[in-house]
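Chains as they are written, first to last, in this note's numbering: chain C, 1 to 287; chain R, 288 to 679; chain X, 680 to 1016.
Hints may contain errors.
What the hints assert, rightly or not - Cβ-Cβ distance ranges computed for the label pairs, FRET-style:
1) X:Arg693 - C:Thr164: 36 to 42 Å
2) X:Gly823 - R:Gly555: 37 to 43 Å
3) X:Val862 - C:Arg86: 51 to 57 Å
4) R:Lys345 - X:Leu997: 25 to 31 Å
5) C:Arg171 - X:Ala902: 19 to 25 Å
6) R:Ala552 - X:Leu774: 57 to 63 Å
7) X:Leu774 - C:Leu3: 51 to 57 Å
To be verified - To give an idea of the chain R side of the interface with chain C (calculated C-beta under 8 Å), a few residues:
8) Leu327
9) Pro492
10) Glu499
11) Asp503
12) Asp524
13) Ala529
If you're looking for bench data, these hints aren't it; they were derived computationally from the structure.
Note that the Cβ used here is the ideal one computed from N, Cα and C, for glycine as well.
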Amino acid sequence: MGLALGIATDALAYGMVLYIISIGLSVTMGLMRVINLAHGAFAMIGGYLASWGLQSLGLGYGTAILFAVAGAVLIALPLERFLYRRVYGTHDPLPQVLLTIGITFAIIGIANSLFGPTLKPIPLPEIFRGPVDLGFRTVPAHRLVVIAAGAAVALGLWLLVERTDFGIRLRAAVDDARMASALGIRTDVIYAAAFALSVALGALGGVLGAEILPIEPYYALRYMVTFLVVVSVGGAGSIGGALGAALLLGLVDVTAKYLAPEYGEFFFYLAVIAVVAAFPRGLLGRA
Amino acid sequence: MTPRSLLLAAAAAISLLAGPAFADTVKVGVIGPFSGPFGLFGKNFKQGIEAFQAKNGKAVKGHEVEFVYRDLEGVDPAKAKALAQELIVKERVQYLAGAYFTPDALAIATVLDQGKVPFVVLNAATSVITEKSPLIARTSFTMWQNTVPAAQVALEKGVKKVVIAVSDYGPGLDAEAAFKKTFEAGGGQVVDAIRMPIRTTDFGPIMGRVKETGADAVFAFLPSGPPTLAFVKAFIDNGLKAANVKLITTGDVTAENDLPAIGDAALGIISTYHYAVSHDSAANRDFLAAMKGVGAKDGEIVMASVAAYDGARMIYRMIEATDGKQEPQKAIDAIKGFAWESPRGPVSIDPKTRHIRQNVYERVVDKKDGILINREVKTFADQPDTGLSPTP
Amino acid sequence: MAATKMAPRSPIARDRLVTAGGLAAIAAAGAIGLVLFPNDLGFLTRVLATALLVLSLDLVTGYCGVATLGHAALFGGGAYASGMLAAHGGIQDPLVLLAAGLAGGLVTGLVSGLVILRATGLPQLVLSIAVVQLASALANKLSGWTGGSDGLSGISPGPLFGRFAFDLWGQTGYLLGVALLLVVFAALRALVLSPFGLLCRGIREDVIRVGALGARVRPALVAMYGISGAVAGLGGALSAVTTGVVGLDSLSFERSASALVMLVFGGAGSLGGALVGTVVFQVFEHAVSAANPFHWLTLVGLLLIAVVLFLPRGLQALPARLAGLVRRRAAPARGGA
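With the rest of the complex left out, here is chain C (with noise of 0.2 Å):
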């Protein structure tokens, strides 16, 4: 029983990070129908923010993490606006691939010049740091910070996109970015919007989840391919699925490393090929 549940609260701690760097990648790759490989790097990047305000210019916890994401946001607009732009919605996924690819080996590159190839650190503020006794298990309070957040991420989402005239705005892109446009939306400023949104939340997740995937040069490469995983599971472009997609697999991944760690991602990967198998447009996703 003990074991169950602390199988449960790991799973929904990693799963919730997936959700939140994931969540950004499903709008883009959703919206501007671009498969963004170079997700991971603007995660990164928030994470390298984050680090350098603590470490260096002596910022709190809370303002680091705002830093961070303001930071990532404004070194990824010109790159939207002068390279993403060229490739939104090709029918050909491969330059995109191509591009996104590129952009995630230089910004690793970067990284490693400015940065140096050692682990950057992001100390949690006191109240977040150690162990909390929840009674069944003891779980590193972090997590439960983490779990929140998800949380909060998720419905502040749903109110954004259901609740409000951006929201309206955006669903009618989505669907039919022709007739939004003749409509006199602006697609490219929503697009831009949307972007700097889904890297936002990019970069809030390398931030928080750098206690789980931490933050070194790789970092862009390494678990580009897992975000990319919860995206196609759930169905890209859609909150829910996402939510669901990094909540099972995350559970799959967690009580495979508790049962059998000498497996790896087999089972994750073996879980991944079922549930594509039987969903293939993901649990939640738009025709």
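Once you've looked at the hints, dock chains R and X against the given chain C.
Only chains R and X this time, still in chain C's reference frame:
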């Protein structure tokens, strides 16, 4: 461009490609991770060698010694072999050095006899490596060498039930075997042995499993690099430290470059290892000063630089013994039994195994002048590679 | 119309000419490598093995329109089949080992084709990643057979035809690689020009119409995957035989991604483009990383971005683009005449 300058440029390009061997230069090829996640260790190889050359000059008996570096980011045996081949055939190196990972060292071992090139292993720590060719020597450590004292320490501390957690590859399996054998021989009980895939970064589940077993200590080995930090943090954050479970490791897990990131939570972790940056000796102070002189930064100096520093010393001795000629057997014979004072303490090359004999220290993470260090508390003197010669 | 004026030959004759030209170019490049870079044959042999992988990828990506980031599974399937036969079966004949690689690649290709072709678009891409990661995790777990993370060693092929040994200088391995590439190139040219090859191209262009015409789409694609696997497996076996080791990297996501990068770089949907992309990319990477091993990744990244922006159809389109520029400049003069 005039035809003449074109010709000159072409000649220069060809000579660049052909890599001419000057009679008076002895070339040494160094293969290591100079970029990528383990780039810090490659950098330490390079700086250790440069520090040695800065102190001892760049020539031996009038022969210029030139080190040629080749980047091998991670575990990639096929590329390791190709690089070794290229260094021998194209650069005409007389010696090879380096290898951070065991699989890469094993692949390099296959070309030595044909290429007539001695190979000084600067890190890879599986015992079998030196058995793969009579031309291999090693200045780093082996898992057996550092792990047997760890098991002895565990027994001394009164540990009864232990969980072993190691990375699932050659050195990890060596560490597991060494700990199990020594610990069980001393009357201890191994309640679980977990092999973690080398790419794991989230250790929460492993810690959950450890807790289930009710063990009173964990022995862990992971190769020094990004995952070790996550491992220690998971150990602390999942309440194992608070529950008074002991963490005993080889020093790979408490490498000095990772300690600042772990923070004060690392205080009290016990490890057994052959080198601490804080080791108190004149030789070590000299070494650290030389490292700073070639641009090494505080907090970025790790054991790989000492292995490279001592490796360069061995190569110099081999060049001296052969007077710069390519006589691999004579070169290797010259270092058998070679003894010197290393920054880590007194060391010698075991004539049988060609592996380095050295002190292994029991250390505990402590704070000195506001900096986290591995404070040495006990010395296991003159340890051989217990994996190959089991009776110390 | 201009095309018919400039090339009066029949399409079949022209295709034959292209094939012959390609073979001559490979042979010439092979000879140049042997004569001018006798000290780099080890590296060039690795390029040849990778070229087989990229050609194989071109069959499914360029000709069938299947986006995959998991193609190294097929390469690794061949490498491990050949390596395990040598290390555990004690087989030393290099030709037998190559055949084993071909068979291993064929089987891996059919299996992964059956899995990957269950979906299209993004899910397909993800299935392909899952396949290669699954294969890699399995190879790690079965370390008794595969050597796991330590790599599979103990592969010591005997001399080719009982005479030419695989030595440090690598001439035998290199020439074997060039010969393999010539055979494979000729066979694949015939394949892509055959009715079957045209069917696959049709599927890429418009899968619904081809289906409506009564063609069986999935069996055709799976068959192509099998053939592709055989070619990639041959590349894996060449790598195993000439290097004597097989590591987990041979079926990694990283290798799959870099193969795709090289293919798109050269130009997908053209066998020549695949070869040019592989050679140029690998030589560039080799030169830059030897000159500055510390930060070559940035340069490679910028190069990739430049290709997407300025050469979207890859290097193979470069001559046509240059010709287009020249023609555009020449056009007004002709218009005036």
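Verification of the hints:
A hinted range of 36 to 42 Å for the beta carbons of Arg693 (chain X) and Thr164 (chain C) is inconsistent with their spacing of about 60 Å. The given range of 37 to 43 Å is respected by Gly823 (chain X) and Gly555 (chain R), whose C-beta atoms sit roughly 39 Å from each other. Roughly 40 Å separates the CB atoms of Val862 (chain X) and Arg86 (chain C), a value that falls outside the hinted 51 to 57 Å. With their beta carbons about 46 Å apart, Lys345 (chain R) and Leu997 (chain X) fall outside the hinted range of 25 to 31 Å.
The hint said 19 to 25 Å for the Cβ distance between Arg171 (chain C) and Ala902 (chain X), and at roughly 42 Å that hint is violated. For Ala552 (chain R) paired with Leu774 (chain X), a C-beta distance near 59 Å keeps the hint of 57 to 63 Å intact. For the pair Leu774 (chain X) and Leu3 (chain C), the supplied restraint of 51 to 57 Å holds, since their beta-carbon distance comes to about 54 Å. The restraint placing Leu327 (chain R) at the interface with chain C holds, with a minimum CB-CB distance near 5 Å, inside the 8 Å limit.
Below 8 Å, beta-carbon pairs count as interface contacts, and Pro492 (chain R) has one with chain C at about 4 Å; its hint therefore holds. For Glu499 (chain R), the shortest C-beta to C-beta distance to chain C is roughly 6 Å, which falls under 8 Å, so the interface hint holds. Contact between Asp503 (chain R) and chain C, as hinted, is not supported at the beta carbon level, the nearest pair being about 16 Å apart and thus beyond 8 Å. Contact between Asp524 (chain R) and chain C, as hinted, is supported at the beta carbon level, the nearest pair being about 3 Å apart and thus within 8 Å.
For the restraint placing Ala529 (chain R) at the interface with chain C, the shortest Cβ-Cβ distance is roughly 6 Å, inside the 8 Å limit, so the hint holds.
In terms of the numbered hints stated before, the structure departs from hints 1, 3, 4, 5 and 11, listed from lowest to highest.
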